[in-house]
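Visitor: Generate the whole structure from the sequences, applying the supplied hints.
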Amino acid sequence: MSSLTGVLTTTLPVIGEATQAKTRVDHRTSEEANLVRRVQAKDEMAFKEIVERYQTKVFSIIYGILRNHNDAEDIAQQVFAKIYFSIGNFDFRSSLLTWIYKITVNECYDYLRKKRVRKLVYESDFSEEDSLQMENSQTAQDLKAPIDETLEQRDLLLKLLSKISEEDRSLMLMKEVEGRSVEELAEMTGMNENTIKVKLFRTRQKLVKAAQRLGKGGSNPFSS
Amino acid sequence: MHDPVIGRLEEYLDGGGPYPEVEEHLKQCAECRDELSAMQSQSAAFRKAFRVEVEPNAGFYARVMNRIETQAKPSVWSLFGESMFAKRLAYASATFLLVASAVFVSSTQPDRPLASNDPESILAGDERYTPVNMDSERDRDVVLVNLATYSSSTSQEYQ
Chain A
2 MSSLTGVLTT TLPVIGEATQ AKTRVDHRTS EEANLVRRVQ AKDEMAFKEI VERYQTKVFS
62 IIYGILRNHN DAEDIAQQVF AKIYFSIGNF DFRSSLLTWI YKITVNECYD YLRKKRVRKL
122 VYESDFSEED SLQMENSQTA QDLKAPIDET LEQRDLLLKL LSKISEEDRS LMLMKEVEGR
182 SVEELAEMTG MNENTIKVKL FRTRQKLVKA AQRLGKGGSN PFSS
Chain B
-4 MHDPVIGRLE EYLDGGGPYP EVEEHLKQCA ECRDELSAMQ SQSAAFRKAF RVEVEPNAGF
56 YARVMNRIET QAKPSVWSLF GESMFAKRLA YASATFLLVA SAVFVSSTQP DRPLASNDPE
116 SILAGDERYT PVNMDSERDR DVVLVNLATY SSSTSQEYQ
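The listed protein sequences correspond, in order, to chains A and B. Residues 2 to 225 (my numbering) are what the first sequence spells out, left to right. Residues -4 to 154 (my numbering) are what the second sequence spells out, left to right.
Honestly, the hints are just simulated from the structure, not real lab data. Watch out, some of these pointers could steer you wrong.
[Unchecked claim] So, partial list: chain B residues that the calculated Cβ filter (under 7 Å) puts toward chain A:
(1) Ala33
(2) Glu48
(3) Val49
(4) Arg58
[As the list claims (entries may be wrong)] Derived lysine-lysine pairs resembling BS3-like cross-links, with alpha carbons at most 25 Å apart:
(5) Lys43/B with Lys58/A
(6) Lys160/A with Lys43/B
(7) Lys116/A with Lys58/A
(8) Lys103/A with Lys160/A
(9) Lys68/B with Lys83/A
(10) Lys210/A with Lys43/B
(11) Lys103/A with Lys43/B
(12) Lys116/A with Lys103/A
(13) Lys43/B with Lys164/A
(14) Lys68/B with Lys43/A
(15) Lys210/A with Lys164/A
(16) Lys103/A with Lys58/A
(17) Lys83/A with Lys82/B
(18) Lys160/A with Lys58/A
(19) Lys210/A with Lys22/B
(20) Lys83/A with Lys115/A
[What the hints assert, rightly or not] Partial selection, computed: residues in chain A whose CB lies under 8 Å from chain B:
(21) Ser61
(22) Ala77
(23) Ala212
We treat Cβ as the ideally placed atom computed from N, Cα and C, and that holds for glycine.
Guide: Have a look at this one:
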């Protein structure tokens, strides 16, 4: 990692120098930090402000991942309940949004994991004959043209994202889905821009390789 | 992927540029071209699949507060005061109870196996296998066998 950071700094000395100065954002003194302190002091109006400020963002992230309004509502409520109960542990090392983003993505993955376990338990209740019948019907369905390619691709992306660390996952989603720039990500996370670039590059490499393995042919499964 | 492309990768994927050093390198390096193309496709797939803007239904804050109230209700642990010490004490007590009941159950088990019913084992005079206070039918058999053994041994002595 350090050698790659070194490469980036030497390749882009101008960006490297500018980065070091810019990325040290003090999250303790921002307007948001005051809001957090008020919530930590049990000010419900401050909490209401946080909910109103971030509800659309949180809801959109969840809906983007799960594509179900009821599930998104349920998980969004859970995210804010979690924020309420654990905001006392917020240490201002990153921005509030980064912290909320991490909680939101984790809740989505917890939900998907539980759903998968429930499905496995449900399927284990079937007799061998039922399972065989289901398998045959699934095979028949697989032979048909994909009903919704976007849905399939989303599932593939979710599977790939589950193979990387929480931190890399959040960074990748904030970059690609939120459309944050490297500079913004550096400010939000408290890391420097080169570290963000290295992390994103490595994550992209991992995802491409994992996608090629899933595609089995070594080809790019995302090319249309 | 090589240095000139890695350094500008994020800007390149965001549609920035042109970057002459990247373009120059890509002309010569097929490996970088392939990897960059895969990353561009993946980036586009992420944006297409997850970028949405959806609002929750009205009254979301009230529903969040309802959930918080439900989750804030006292748990079982609150009976012990919620402190870590109280939790450890409760765990230790539960473990002690479990061990004590295991010891109790094992000590009340019969420590001798039940006697076999075959006359050979009774005739062998093995006291370990002679039951005490078994059912009446079994007692009768034992008495009969003992008497038979006794009478045969005394008759042998007199002969």
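Visitor: Identify every previously stated hint that the structure contradicts and give their numbers, smallest first.
Guide: The structure breaks none of the hints.
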